[in-house]
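The whole structure should be built from the sequences, with the hints applied where relevant.
Just so you know, the sequences run in chain order A and B.
Our numbering numbers the first residue of the first sequence as 2 and each following residue consecutively.
Our numbering numbers the first residue of the second sequence as 67 and each following residue consecutively.
For the record, the hints were derived by calculation from the structure and aren't laboratory data.
Note that beta-carbon positions come from the ideal geometry of N, C-alpha and C, so glycine has one too.
Be a bit skeptical, because a hint or two may be false.
The following label-pair restraints were derived from C-beta to C-beta distances [unchecked claim]:
hint, chain 1, residue 1, chain 2, residue 2, range
1, A, 20, B, 470, 16 to 24 Å
2, B, 104, A, 174, 53 to 61 Å
3, B, 96, A, 79, 41 to 49 Å
Stretch-level coverage of chain B by chain A, calculated; a stretch enters the list once three of its residues show a Cβ under 8 Å from a Cβ in chain A [as the list claims (entries may be wrong)]:
hint, segment
4, 67-74
5, 344-356
With a cut-off of at most 25 Å between alpha-carbon atoms, the simulated BS3-like pairs for lysine-lysine come out as follows [what the hints assert, rightly or not]:
hint, chain 1, residue 1, chain 2, residue 2
6, A, 136, A, 120
7, B, 432, A, 16
8, A, 242, A, 291
9, A, 18, B, 432
10, A, 138, A, 120
11, A, 192, A, 120
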Amino acid sequence: METLVEARGLVKNFKRKDGTEVQAVKGVNLDIQKGEIFSLLGPNGAGKTTTISMISGLLTPTSGDARIGGFSITKQPMEAKRLMGVVPQEIALYPTLSARQNLNFFGRMYGMGGAELNKRIDEVLDLIDLKDRQKDKVDTFSGGMKRRVNIGVGLLHRPQLIYMDEPTVGIDPQNRRRILDTVLRLRDEYKMTVLYTTHLMEESQELSDRVGIIDHGEIIAMGTVGELIQQVGEEDQLVLKIGEQTIDTSLIERIPKEIQGVTRAAFEPPGETGDQTSGEVIVYAKRGRKALPHLIQIANEAALEIMSVEVREPDLEAVFLHMTGRALRD
Amino acid sequence: MENLRKIWTIAYRELYSTFTQPSLLAIMFAAPLIVATIISLAFGSGGSPTIENIPVAIVNLDEGADGLNSGQIFVNAFVPGAAETSGEVSQQTCDVTVSDTSGAQTSLFDLTDAVLLDDPAEARAGVDAGDYAAAIIIPADFTQSTTYSQEHQEINPTPIEVYGDSGRTITPGVIHSIVESITNRLLTGQITVAATIDTMIARAQADPIFGLQFATAGSDFQPNFACAFTGVMNNIRIEQQSIAGEQVDFNVLVAIGSAQAVFFALFTANGGATSILEDRRNWTLQRMIVSPTPRVVILLGKLVGTFTTVLVQLVFLFIGFTIINSFIEGQLTFLWGTNWIALIVLLLATALAASGVGMITAAVGKTAEQANIIGSIISILMGMLGGAFFQVQALGSFEFITYFSIVRWGSEAFSKLAAGNGDIGVNVIFLTLIGTLLFAISLWVFNRRQDI
Numbered sequence: 002m003e004t005l006v007e008a009r010g011l012v013k014n015f016k017r018k019d020g021t022e023v024q025a026v027k028g029v030n031l032d033i034q035k036g037e038i039f040s041l042l043g044p045n046g047a048g049k050t051t052t053i054s055m056i057s058g059l060l061t062p063t064s065g066d067a068r069i070g071g072f073s074i075t076k077q078p079m080e081a082k083r084l085m086g087v088v089p090q091e092i093a094l095y096p097t098l099s100a101r102q103n104l105n106f107f108g109r110m111y112g113m114g115g116a117e118l119n120k121r122i123d124e125v126l127d128l129i130d131l132k133d134r135q136k137d138k139v140d141t142f143s144g145g146m147k148r149r150v151n152i153g154v155g156l157l158h159r160p161q162l163i164y165m166d167e168p169t170v171g172i173d174p175q176n177r178r179r180i181l182d183t184v185l186r187l188r189d190e191y192k193m194t195v196l197y198t199t200h201l202m203e204e205s206q207e208l209s210d211r212v213g214i215i216d217h218g219e220i221i222a223m224g225t226v227g228e229l230i231q232q233v234g235e236e237d238q239l240v241l242k243i244g245e246q247t248i249d250t251s252l253i254e255r256i257p258k259e260i261q262g263v264t265r266a267a268f269e270p271p272g273e274t275g276d277q278t279s280g281e282v283i284v285y286a287k288r289g290r291k292a293l294p295h296l297i298q299i300a301n302e303a304a305l306e307i308m309s310v311e312v313r314e315p316d317l318e319a320v321f322l323h324m325t326g327r328a329l330r331d
Numbered sequence: 067m068e069n070l071r072k073i074w075t076i077a078y079r080e081l082y083s084t085f086t087q088p089s090l091l092a093i094m095f096a097a098p099l100i101v102a103t104i105i106s107l108a109f110g111s112g113g114s115p116t117i118e119n120i121p122v123a124i125v126n127l128d129e130g131a132d133g134l135n136s137g138q139i140f141v142n143a144f145v146p147g148a149a150e151t152s153g154e155v156s157q158q159t160c161d162v163t164v165s166d167t168s169g170a171q172t173s174l175f176d177l178t179d180a181v182l183l184d185d186p187a188e189a190r191a192g193v194d195a196g197d198y199a200a201a202i203i204i205p206a207d208f209t210q211s212t213t214y215s216q217e218h219q220e221i222n223p224t225p226i227e228v229y230g231d232s233g234r235t236i237t238p239g240v241i242h243s244i245v246e247s248i249t250n251r252l253l254t255g256q257i258t259v260a261a262t263i264d265t266m267i268a269r270a271q272a273d274p275i276f277g278l279q280f281a282t283a284g285s286d287f288q289p290n291f292a293c294a295f296t297g298v299m300n301n302i303r304i305e306q307q308s309i310a311g312e313q314v315d316f317n318v319l320v321a322i323g324s325a326q327a328v329f330f331a332l333f334t335a336n337g338g339a340t341s342i343l344e345d346r347r348n349w350t351l352q353r354m355i356v357s358p359t360p361r362v363v364i365l366l367g368k369l370v371g372t373f374t375t376v377l378v379q380l381v382f383l384f385i386g387f388t389i390i391n392s393f394i395e396g397q398l399t400f401l402w403g404t405n406w407i408a409l410i411v412l413l414l415a416t417a418l419a420a421s422g423v424g425m426i427t428a429a430v431g432k433t434a435e436q437a438n439i440i441g442s443i444i445s446i447l448m449g450m451l452g453g454a455f456f457q458v459q460a461l462g463s464f465e466f467i468t469y470f471s472i473v474r475w476g477s478e479a480f481s482k483l484a485a486g487n488g489d490i491g492v493n494v495i496f497l498t499l500i501g502t503l504l505f506a507i508s509l510w511v512f513n514r515r516q517d518i
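Here it is, written out as structure tokens:
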């Protein structure tokens with residue numbers, strides 16, 4: 002596959018008010034292939050927006066460089082910028098202009114004009130489903146509609162690469178679903194490359210061909226979702242809630258011995274798991290769903306009354322937790 | 067070419083946003099007209115102000131001829147008591163009255179505060195130092211070149227020098243006008259005398275009895291001739307006299323109105339330029355920066371938008387002041403002179419200077435609110451210094467500080483044009499340079515700012 006974005010050693014230092022420097026991004030390396038959706042996943046303040054700002058030419062890197070389609074963003078910024086569309090996290094629109102006027106203005110900033118621009122505006126209005134409201138001022142729109150215009154502006158000049166910085170922040174589930182579907186269409190129908198930042202693991206997991214996990218200004222893991230989970234060696238967890246019952250330690254020792262694929266088991270009495278009312282039997286298995294029937298059978302044999310069963314499969318949240326010791330939402 | 071289109075696109079959006087906001091338009095256009103009209107009416111019904119005690123230096127180098135010193139006529143006209151101390155025949159005391167445009171009459175001695183000096187260099191230095199509004203320097207051969215006699219039968223133009231203070235817009239013109247009037251009447255009188263004497267000589271030659279009467283009574287004619295020269299029979303009317311000889315009445319609305327126009331233009335420029343910071347807050351600036359548009363193009367677009375808005379405002383206001391003045395005076399009178407090219411150049415230079423001030427304010431302000439506060443303070447200070455609220459001559463010897471204000475530079479030049487004086491080169495150069503310099507500095511600051 003052809004590489005469209007290549008970032009090497011991106012560093013960004015900011016000066017604090019007291020004159021000291023803080024390093025927001027610490028030598029980020031990225032390779033994004035043509036036609037893929039690449040997510041940059043990390044908690045708030047991890048350095049996602051700063052990284053994307055350097056790659057898009059909004060901020061000048063303290064050191065390092067990024068090449069878009071072979072053009073250096075620091076040395077050939079105009080050529081590099083022509084290849085990309087940007088959808089900022091903020092609603093970057095003129096509120097007193099209509100949707101069409103906003104599209105027209107920013108289209109001209111990309112050198113478009115005349116009939117070509119008008120035709121393209123019509124296409125984009127169709128894509129974001131706002132043709133019937135095109136002449137209304139943006140400040141009369143709902144949050145979701147503004148988000149859609151915001152995305153539309155980024156798509157106007159048919160960029161090869163589109164950056165989307167947390168485009169679903171602060172909108173209702175219906176509009177969020179619509180935006181996620183649009184992102185998938187951009188890859189599948191328009192063959193665009195998408196660089197998507199989010200702090201929402203679910204979005205990243207659903208959309209991405211590949212994911213880069215960023216924390217404290219550093220990429221700490223990169224690959225497909227499956228590769229990342231495999232990389233950290235996470236297992237499924239089977240959690241049996243048993244209320245206030247007590248359990249023999251011999252039963253806990255039997256479980257890994259008798260069930261294939263189970264690596265270990267543990268009992269946590271009420272209060273130690275966060276649940277004050279129920280103890281939990283936690284079983285770690287490579288293929289949790291397969292081990293579940295056998296586990297229930299052993300519990301029945303031990304006359305253990307099971308209140309509920311939960312299968313926790315590893316996800317990017319677990320990967321992040323495993324790698325940083327913190328939850329993504331912390 | 068693509069960048070030029072982008073500059074216009076950015077400028078056009080600025081203009082569209084400005085001119086579709088009714089409240090903003092009211093502040094830009096109605097407020098200056100109302101404020102300037104009220105202040106002008108408070109100064110004197112929109113008409114001429116009271117001008118008196120204009121400081122003038124007179125240097126009479128005239129060596130005279132045949133016992134006559136025509137230069138002394140000017141000294142007598144301007145300096146009280148000069149006639150009594152002079153022994154010249156032509157120094158008959160003649161009361162010179164002056165009428166203003168409303169017809170009210172005052173003495174020339176009340177109008178001016180003249181001193182007699184011996185050294186032209188001292189007089190010019192006094193003007194340069196601001197001690198005198200003008201210096202009148204009468205050349206050594208003045209009488210010689212303007213007096214008719216049997217030996218000298220040709221009357222030549224009189225090169226009297228009126229050395230005016232370019233910093234004063236009104237009073238040097240008044241002095242120039244008076245000197246010109248006296249000179250014209252002197253020449254007219256000389257020609258009349260010459261014709262009279264020629265006629266009498268011819269008659270005396272033809273009629274010996276008349277010749278005898280003329281020879282014995284001739285000296286009685288002289289005082290009357292002297293008074294004819296100084297205008298006792300022809301009152302001098304105070305009017306600004308342009309170099310081309312065109313007459314334009316002075317009007318308070320010109321001084322206050324032009325200063326108010328430039329003052330409000332500063333506010334408009336400030337608002338226009340700080341839209342950069344509003345764009346940053348809306349993220350529309352960042353969106354432009356990530357497009358293939360150089361920063362200088364974005365800033366030039368903003369500058370052109372601001373500049374055009376200010377220019378439209380100034381043109382509207384100057385037309386508005388003309389209409390208001392026409393209503394007050396009951397006749398349609400264009401206030402700003404007839405030198406259209408100079409007026410257009412001055413409007414462009416003033417709009418550029420105001421835009422430059424706005425851009426530098428936006429460059430140093432961290433937020434739009436902060437820039438607006440800084441801009442308002444600068445605008446009010448410049449307005450006060452520049453004569454938007456009172457006539458700057460009231461500052462006396464501190465008047466020089468008013469030149470820290472572009473309002474002064476602009477309003478002074480507009481007042482000069484209104485007075486028919488096209489000598490606004492220095493003002494135009496200053497305004498253009500300051501506008502260009504401030505824009506260059508703001509461009510440098512914007513490029514260094516990490517947050518933009």
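Evaluated hints:
Checked against the hint of 16 to 24 Å, the C-beta distance between residue 20 (chain A) and residue 470 (chain B) comes to roughly 34 Å, which is inconsistent with it. The hinted window of 53 to 61 Å between residue 104 (chain B) and residue 174 (chain A) holds, with their beta carbons roughly 59 Å apart. For the pair residue 96 (chain B) and residue 79 (chain A), the supplied restraint of 41 to 49 Å holds, since their beta-carbon distance comes to about 44 Å. With a cut-off of 8 Å between beta carbons, the segment 67-74 of chain B has 3 residues touching chain A; three or more are needed, and the interface restraint holds.
Residues of the segment 344-356 of chain B lying with their CB closer than 8 Å to a CB of chain A number 8, which satisfies the three-residue condition for coverage. Restraint check for residue 136 (chain A) and residue 120 (chain A): the C-alpha separation of about 16 Å stays at or below 25 Å, so the hint holds. For the suggested pair residue 432 (chain B) and residue 16 (chain A), the alpha carbons sit about 15 Å apart, so the restraint of at most 25 Å is met. Under the criterion of a C-alpha separation no larger than 25 Å, the hint pairing residue 242 (chain A) with residue 291 (chain A) is consistent with the structure, at around 19 Å.
Distance restraint check for residue 18 (chain A) and residue 432 (chain B): the Cα-Cα separation of roughly 13 Å lies within the 25 Å cut-off, and the hinted pair is therefore satisfied. Restraint check for residue 138 (chain A) and residue 120 (chain A): the C-alpha separation of about 20 Å stays at or below 25 Å, so the hint holds. For the suggested pair residue 192 (chain A) and residue 120 (chain A), the alpha carbons sit about 20 Å apart, so the restraint of at most 25 Å is met.
Hint check: a violation occurs at hint 1 only; the rest are consistent with the structure.
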